[in-house]
Each structure stands twice: as C-alpha cells, then as structure tokens.
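Visitor: In case you want the letters, here they are:
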Amino acid sequence: MSVVELDLILEGAPRKISVETRDGDLVVREGLHVLETAVRRISENELRLRFGGRSVRVHLVRSGERIYVSVDGREFVVSESPPETGRRGQGDEKNAETSLRVRSPMPGKVTKIAVVEGEGVRKNQTLVIVEAMKMENEIKTAIDGVVTKIHVAVGDLVDSQKPLIEVEKT
Amino acid sequence: MFGKILIANRGEIAVRVIKACREMGIGSVAVFSEADAASLHVRMADEAVPIGPPPAAESYLNMERILEAARATGAEAIHPGYGFLAENAAFARLCEERGVVFIGPNSTALELVGDKVRARQTMEKAGIPTVPGMTSVSTSLEEFRAAARALGYPVMVKASAGGGGKGMRTVCDETGLAPALEAGMREAKSAFGDDSVYLEKYIEEPRHVEFQILADNRGHTVHLFERECSIQRRHQKIVEETPSPALDPELRVRMGETAVRAVRAAGYNNAGTVEFLLDKDRRFYFLEVNARLQVEHPVTELTTGVDLVRQQILIASGADLSFRQEDLLQRGHAIECRIYAEDPKTNFLPSAGRIVLLREPRGPGVRFDSGVYEGFEVPVFYDPILAKLIVWAEDREAACRRMAAALDECVILGIHTTVGFLKDVVGHPEFRAGRATTSFIGKFFPSWGTGAGEEDRERLALAAVAYEALTLTAGPTGLPGRSRRKDVATPWTVLGRWRAGSRT
Numbered sequence: 280m281s282v283v284e285l286d287l288i289l290e291g292a293p294r295k296i297s298v299e300t301r302d303g304d305l306v307v308r309e310g311l312h313v314l315e316t317a318v319r320r321i322s323e324n325e326l327r328l329r330f331g332g333r334s335v336r337v338h339l340v341r342s343g344e345r346i347y348v349s350v351d352g353r354e355f356v357v358s359e360s361p362p363e364t365g366r367r368g369q370g371d372e373k374n375a376e377t378s379l380r381v382r383s384p385m386p387g388k389v390t391k392i393a394v395v396e397g398e399g400v401r402k403n404q405t406l407v408i409v410e411a412m413k414m415e416n417e418i419k420t421a422i423d424g425v426v427t428k429i430h431v432a433v434g435d436l437v438d439s440q441k442p443l444i445e446v447e448k449t
Numbered sequence: 124m125f126g127k128i129l130i131a132n133r134g135e136i137a138v139r140v141i142k143a144c145r146e147m148g149i150g151s152v153a154v155f156s157e158a159d160a161a162s163l164h165v166r167m168a169d170e171a172v173p174i175g176p177p178p179a180a181e182s183y184l185n186m187e188r189i190l191e192a193a194r195a196t197g198a199e200a201i202h203p204g205y206g207f208l209a210e211n212a213a214f215a216r217l218c219e220e221r222g223v224v225f226i227g228p229n230s231t232a233l234e235l236v237g238d239k240v241r242a243r244q245t246m247e248k249a250g251i252p253t254v255p256g257m258t259s260v261s262t263s264l265e266e267f268r269a270a271a272r273a274l275g276y277p278v279m280v281k282a283s284a285g286g287g288g289k290g291m292r293t294v295c296d297e298t299g300l301a302p303a304l305e306a307g308m309r310e311a312k313s314a315f316g317d318d319s320v321y322l323e324k325y326i327e328e329p330r331h332v333e334f335q336i337l338a339d340n341r342g343h344t345v346h347l348f349e350r351e352c353s354i355q356r357r358h359q360k361i362v363e364e365t366p367s368p369a370l371d372p373e374l375r376v377r378m379g380e381t382a383v384r385a386v387r388a389a390g391y392n393n394a395g396t397v398e399f400l401l402d403k404d405r406r407f408y409f410l411e412v413n414a415r416l417q418v419e420h421p422v423t424e425l426t427t428g429v430d431l432v433r434q435q436i437l438i439a440s441g442a443d444l445s446f447r448q449e450d451l452l453q454r455g456h457a458i459e460c461r462i463y464a465e466d467p468k469t470n471f472l473p474s475a476g477r478i479v480l481l482r483e484p485r486g487p488g489v490r491f492d493s494g495v496y497e498g499f500e501v502p503v504f505y506d507p508i509l510a511k512l513i514v515w516a517e518d519r520e521a522a523c524r525r526m527a528a529a530l531d532e533c534v535i536l537g538i539h540t541t542v543g544f545l546k547d548v549v550g551h552p553e554f555r556a557g558r559a560t561t562s563f564i565g566k567f568f569p570s571w572g573t574g575a576g577e578e579d580r581e582r583l584a585l586a587a588v589a590y591e592a593l594t595l596t597a598g599p600t601g602l603p604g605r606s607r608r609k610d611v612a613t614p615w616t617v618l619g620r621w622r623a624g625s626r627t
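As you go down the protein sequences, you meet chains A and B in turn. For the first sequence, the working numbering begins at 280 and goes up steadily by one. For the second sequence, the working numbering begins at 124 and goes up steadily by one.
Worth flagging that the hints you see were computed from the coordinates, not collected in a lab. One or more hints might be untrue.
Claimed, not checked - Listed next, the in silico DSBU-like pairs over lysine-lysine satisfying Cα-Cα at most 35 angstroms (straight line): (1) A:Lys388 x B:Lys248; (2) B:Lys312 x A:Lys441; (3) B:Lys324 x A:Lys441; (4) B:Lys142 x B:Lys127; (5) A:Lys448 x B:Lys403; (6) A:Lys419 x B:Lys127; (7) A:Lys391 x B:Lys324.
If you're wondering where the values come from, they're calculated on a predicted model, not measured in any experiment.
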C-alpha cells in the first residue's frame, strides 16, 4: 500500500502529514507523531473515528477551497497548501517589525476612526471601531508608532481582512 | 381572534411566532430587508413583504414601512418579537392610533418600564428593592463623575432604552468613565435610536434571576416562575435554565410575588419579564422589566406547559387568562443554549458567512428553535443569534446530560459558532454544581480553544480529511478516472473532486 502525503493548512497553520491504511485502520503520521484510528463512514458528510477507546463523530464538508471539519463540537478549517509559486499575500506584512497593516478581523461597518494620519499611537490603542452584528469591536494597534495611512472612512462597509490603517514603527 | 398577524422581526423568533400562528389558524405575514430575502422566516410565512435596505434603521426599525405592510396585507395585529421595535412605545402608540393591535403591553406601560430610570422610580415607590443608581439620565460628564463617586466604583453604564447588553459598560475607576460613557452612548444610539445612559452601582458576582409574568387586559396577573440567566458574556445571556439552583421554595414565592407587584405597579399587560439581581446574601434587587417575549422563553414553556406566544396572542385579542397562579406548577428542569454566529476563540467576534452543513439535534426532550437552514448566508447586519437549543428532563443533572448530548449532535459548519464552547460550559464542574454567577465566563473561560484534547482533535480532523483523500482515490465507487492513482497524490488531485453535499 502506498503512502499518500498531504500538505494541509489547519486553522492557518501548515501541517504536513502522511497517511496509509494498515489492516483496515488509518495510520496518520505527522513528524514523529503517529495516530492510528479505525474509520467508519456513516454518510456522505459524516465519519466515525475510533480513538482512545471512544467513538468520535466527525462531520466534514468542502466548500470552495476550504474543508470544514467538526470534531467533538469543535470546528476546524482545513485547506491545501497553495502551490509554491503562489505565495503572495505574505509580502503585505513584510517588515512586520517596522510597520503594521491593521486589517478588519471580520466583515462590518466602520463606525469610528479614532486617529488621524500622522498621529502617534501606543500599543493597544484603539484605531478604528468596526460594528458587526450590532456589536462594537475595537481594532487596536499591536505596536507603538505613527499612523501613516487610513484606508477607510466612517460608514464604510468592510470585508474580513480589509486593510484599515497603516502604522509605522517609530 | 385575529385572521392575520404581521411579524415585525426576523430569524428564529419570527419563525417561532409564525409556527404559533399556524397552530392557531392565523395567517402570517413576514417582513424582510434586502439582506433577508432568502431567510427562513420569509420562506415560512404565508406572505412576505420587503421593507427596505439591510441596515435595521431603514428596515426592521422603519415603523411606517411596517405599518404600511400591515395595511396592505390586511394584518390586524403585529407581533414584534424581541429586539427591534419590541419595546418601542412610540411604535406601540402608532399601532394603537392606526387601529392595529400591538401584541405586547399597552404603550403607556411600555413607555414607563422602557424608561429604566422612571421604572426604577415607580418600583421604589411601590416598595420594591432596586440597585442603587442615578435617578435620572444626564449628558454632563461632571454629573456622571459626581454620581459615580457617590455610588462608589465599580459602576455600570446602562442605556436607558437598553436591553441585550447593548450600551452597557463596567467602569472600574474614574479614568475609564468618559470612554465608557461615550461608547455606551454610541452603541445605545445605534441599537435603540436613543443615546441616554445612566449609572448604576455594580453588584459583584450576582446571579441573574428573572420571573416570567402574564397579565391579561383586565388585570389578572400571574408569574410563571423564574429563569436563571447567570451565564453571560458581554452582559449577554448564553445559557439559561429553570428552576434556578439558587432559589428555595420560600425565596421563589417571595420573588414571584414581588414580580407580580412590580408589573401591577406599572399597569402592565401581556407577557413580560421582571429581572432581578440576587446577591451572595440572597438579597434581590429589581433590575428592569423586559417588556417583550424573551429569547429564553422556551425553558418556561417546557417546565410549565404554557405556550407563551399563544398566550400573548390570546391576551392581545382580548381573552382573559384561563388559569390562575395556583394552577401553575414547575415540572422537571429545562436548559437553553444560545447558538450564536461568533468565534469563541477570538473573544466572540461575529462570524458571518454561508452555512455549508447543518445537523439539527433531535430526540426526547430536545427542542431546536432555529432561524437558519443549510445553504443560508448569515448576514452581517443583525444580531448573530442563529438558533436556540432547549432541553427538558426530569431533573437538573439529567437535563445537563441531555444538553451535552444534544450539543454533540448539533453540527453547524461554514461559520464559527458557539456550539463547542457551550458544550464546555455545560460540562464545567461549577455549572454542574449549580454555582455559576454572572462572572462565570470571565472567571473560568478567559480564553478558549487551546485546552486539553485540542491537539488530538486537530489530528483527528486531519485524519478525517486524509481518509477522504484516500477513499476518493482508491474508493469502492470505481468511477472512471478515479482509479488513476499516483504514488504520491497531490492534494489538488485528491481533494479537488470533493464538493459540498455531493461528489462528482
């Protein structure tokens, strides 16, 4: 039986695993860690995994490039590692030590901008307030610095990961 | 009885009211914003009327559009659900003027109890104990400062028109006062269209115990016992139960009688809830009257056998209560868990998006009040409640076990939800022991999702994905093209065929 190797991303973290079947059981290796489990398919989207003497219900579904998995009521997002050539997006946060691009952590509406361009800010100072589902969420800076650019205005609807503000370290 | 009722709300509560209408042989009219055209309440109602753009202020809070929808469809009554216009006295009065029955308290009582400051004054006059606080709202920082000093920190900023924790802030010292007031006012303005706030003494580690009441239009008033709502995050309840582990029969009778006195003092009718804080020494303080059907009403329904929405509709149509206080009994134990579209791993940030898989729990004593379906796109504009899971069992221990099992069966994928978090809450020894206070979440769950077993769960998730990869390449289906195996499969070829709900 051949070994299948998978480069996956679980909750944003790369996970390299190899997997094979042995006597009907599934053997998953990650580094030195070995997990052996008996798998029973219940339905299209449900598996039952035998683990630690327990039967664990696992649901999973693919939507676009993401695979959503629920294990014991915990949800995980799994996706495949992007091809090596396509590693864009990392450049955004280059020079993370000297500058910071503050992004919206969720979709919502900008209800307040608490700083102006050129203003000095301290770590954990609130920069922007984004309201989503009727809750105010204070978006703070993780570094001391100066606001170099504000990308949004009060009233703007923003998507998750939309750049809000640039802060340059002083 | 009414021939047709318009439901001025959305989500699970609109669905709940539509179901009551169906049972009673009453036609239902849904209203919806542009963001809700595909929502469950729209699909379930007999008729549905669009009322404007996504922001609530332009749709679900737009009184004229809603009244026009009632007129156009011939609805004789409006059920406001909770939130939005449910406790808006101006809307209740407008309904009265237009000859549409508002299914809720009369506008005078609503105005009185909706103004928390006036409500406190009324209760104090009626001899009902209240939490020490400002007796009037203010806009002057100086007045707030003086009041806070007089009360002694910590104090609590509360929205006069408040509810659901909106506009509420705890302030530990004077430097925190001005930002808390500013944030509270802004949030109150956005949630209720009214930015008045006031201060109250912050009672440390209290329990939150509330009493359900029903009052018909002729003044017959009963209480339907208590609900314990101490498990809160951001001052918003997430787990409720009845009976409260903190009450004994004597205290229950005393608080119940006080609740009935409170709504009588306010000239209140229809369904309502009197909220109390219960401190460590079993002293209780009137907090407020929630002049609406509560999110957590099902636990009362399951233990008393009374359908509260049906009673609301009956009372609004002019019927007398068909039972008296002595007819009401609490039987067994009920717990509700609120399932929110929020990520408990990131301090409950809202999580909008499409629900790609939904498995609803079922079974004896299990009720699932839901406003969503598989494939539904949860919009960003509204309260993130998706559904409520309610269980009933003979006693508290059995109810806790039933809830844990039902949460296990509840699967919602595609967005983050509070399901896994709730499971840990109801499994926590402090909760099991019935000792939880309002500081429970902050104290025992300062962060979540990194605890014991998480690594195993992660590996099991990876194993499940790997199993899919294997069975899709070497699976028994033997479909053409699938048998072409490479020695080392790339994830793209392995997983690429696999799509939500079906395999190609």
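Visitor: Hints the structure violates: just list their numbers, smallest first.
Guide: 1, 3, 5, 6
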